[in-house]
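J.: Below are the chains, spelled out letter by letter.
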Amino acid sequence: MNDITSKWSPPASTERLDQTRWVVVDVETTGLNIRKDRVIAIGAVEIAQLKINLMQSFERVFDPGVDMDHENVLIHGLSPQELQQGTTPQEGLREFLEYASGAPLLAFHARFDKHMLEKESKKWLGASARLPCYDVADFCQAFFPDLSRQLKGLDAWLEHFGLEVAERHHATCDAMATAELALICLQKAMAEGIETWGQLMDRVNASIKLHQSRHML
Amino acid sequence: MIDKKNTSGDPVAHTTAPSSTDPDKVDSVPRNIRALIDSLRQSPPFNQMDDRDLITLLEKSTVEYFPAETIILSPDDGVPSRFYIVKKGYIVGERVTSKNGDVHPTFDIGPGACFPIAALLGERPTRTVHKAMEDTFCITCDKAHFTQIVSTSRVFREFCLRGISGLLEQVNRNVQTQAQSHLGDEYSLETPLKDYLHREVISCPPNTSVRQAVKTMDDRGIGSMVIINPDRKPLGIFTLRDLRHLVANPKADLDAPISEVMNKDPVFLPSSATAFDAALVMAKHHFAHVLIADDKRLKGVVSERDLFSLQRVNLVHVARTLANAPSVESLAEMQADVARLIQTMIAHGASAEQINRILSLLNDYTTRQVIRLAAKKIPHPDVPFAWLTFGSAGRREQTLLTDQDNGLIFQVDDPAQADDIRQRFLPLARHINEDLDRCGFTLCKGNIMAGNPKLCLSTTEWNQWFNQFIDSATPQNVLNSCIFFDLRTQWGPEELADNMFEGVRQRIQQNSIFQKMLAGAALENRPPLGIFKGFVTRKENGREGVDLKTQGLTPFVDAARVLCLAHGLTPTNTLHRLRELVQTNVVEEKDAGAWEEAYSFIQLLRLRQHLGQKKEGNELSNLVDPDELNHLDERILKEAFRQAQRLQRKLAWNFQL
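The listed protein sequences correspond, in order, to chains A and B. Numbering of the first sequence is given in this note's numbering, commencing with residue 1 and proceeding in unit increments. Numbering of the second sequence is given in this note's numbering, commencing with residue 218 and proceeding in unit increments.
Excised from the complex, chain A in its bound form:
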């Protein structure tokens, strides 16, 4: 298990966006408490050369090994049976890190997914993980600043662009919809002349700063 690295660097700032491989991820958890709750499913899709690569779809459900509160089923939609048939968290996380290996991760409200993934990697794999995780919400704000004043949350953005989620709160389906939203942002970036990783990060960070300063005023 030592061969797994859960720390990797973001792409070089000169890397072209149309060459970048991204992994768009969504985790389902037992609840929203970052400290206590646990990951029970990971869904991910790959964006390479600005296309969603369907063969590289990743889907794992974890068997948490303990009985779970019934009310949580309502959020993540996974039945106890489905969970019991899942892989162990060790195995699932290891496979995910291998699958994602090297790619910058993308998620909507990525802080939550990043935190859960890093916490669980540490717990189950003993690896002190630091994942290069980027937030599609930040991308949306950077490239659609006017819309971002009204649109809050993934559902609002998906609805605005007419993107359908086959099954909301199913990890792979959420990841797929998030990836489509990410493609919209990335194509907008390309259309605005942003071609490299460095330019993208500059633009996104500038937008984050601008947003924060507005909030402080």
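Be aware that one or more of the hints could be misleading.
Stated by the list, open to error - Sample of chain A residues facing chain B (criterion: CB under 7 Å; computed from the structure): (1) 55; (2) 172; (3) 173.
Calculated directly from the structure, the hints in this document are not laboratory data. Glycine is no exception: its CB is placed at the ideal position from the N, C-alpha and C atoms.
Fit chain B to the supplied structure of chain A, relying on the hints for placement.
T.: Positioned in the frame of chain A, the structure of chain B alone reads:
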């Protein structure tokens, strides 16, 4: 959903499909792929492909995003390298005409549609620029993978090879099978007559006595006897109806040979003809039996009862009753039977063309009987005359919503008498117009009726009328009067109109200015497609929709008419015209085939709508709201309108408009 067997940790192997032989393959597909399969299932050909084929298709595919205004594919790209299925959004195909650089939209496609099939199969650049009109997502794969699916999936292959015209055909067929399945009845009008040949055919030689023949019929419990020569060539038929006449005749000799009382020269059809053909023959000639013979050798007999055993109202019966109706009142009452019959026919799988033919046949019977009854009652000049019909009736394209467009032609030797004779015909003509109105053929608002002195003319006057019209035509009066060029004799000697119009046809053929004007008029009714998304609807009587007649059928009717007149061709029926244009190499067979299907689809949609309205007791209307159509019909209707656009472009090009 979950691949629980895969514990190898192989990052790739887990993903979509472990291996094609895995029986759990379908269950182990990630949920996002499953969702894509479900959405593909909304459209042909994917709705007929099994899970395995679809998984194979998707596992090597990607999802790509094209913002609005992006050119996805263009002829300049050379042979296309990828295959696309629209997942979300809307794409138009634009073709630049080489002549003046104008851009024409040739199609627009939405979710479920695929492209560029012909270019990929033909290994050639596309002819159209494919442009995203709104933000669009496509499922795409490379050419090699597309080729693989074509070779492994029969459904996909057939779909690709048939192209869009196949799609139209499929829908036309679906409409019929659907209707048929509602009735749970295996009977179809397309059934070949050889399927009715399960009974032994009873026949006898011509010298058999009537008594002997009738005894055989009685023994075998049959209603007809066929008389044949030693080569099995049918010489005649003797039915129970003939026996009735015989018995009623006190002088009849039952020991005479049957050849003396049989119906000679019986009508026969080959065994490859259909039940529909047989029904038409019966209705037309008022026979209850039609012989089936191949190479003039008797194969069997089909009776009216064989064909219509399951129907309460049948074509032959309705036709016979109309033709012998004793009064206008009874003719009017029978129109309800006609509507019911048409409904049954559609349910039994009749095509739009068949329905049009049946309706025209029955309307002819009604009209002729109205004329016969009126002519008995109303005094009129004793010169040859005929009843002409124009427009949809002239083209044999009637539906349940029909008004009158007719005229009267008569022959006089002395032109000076024409006016006097006309005055004496007018009371009869007006009486007929009114009686037809009572039978449901509403009076023509534009007064295109035989009771109008301007349309009750001698052969010479008609010829002058047409010639004058052709020589002094203006775009506006051409537009209002082109229905006169779809004329047909509905009652009376046909040669009156045929001889008169022959000269007119030649005159049109020589007058390119008039042809151009006709073509211009044919471009007036544009199919209701917008540059942008979908249909351009209009409002009529507070309802919104597209007009299936003027916006859908008229472009085909007008274009076929002008092309035929310009080439001196005689048919008046639109489908016949298109076929004749292929025969004379004016249009390509492939194009005509697509136009025929498009036209037939719109006509069938219109007939279905009329029947629905009639059932609900609503007024008949040609307006259809595209939003109320199912997804497939809507797509096909759009494609059918697009075919109308293509035909109009051909017309504009031919006549340099």
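J.: Each hint needs a verdict: does it hold in this structure or not?
T.: Tested hints:
{"no.": "1", "hint": "55", "result": "holds, 5 Å"}
{"no.": "2", "hint": "172", "result": "holds, 4 Å"}
{"no.": "3", "hint": "173", "result": "holds, 5 Å"}
Hint check: no violations occur; every hint is consistent with the structure.
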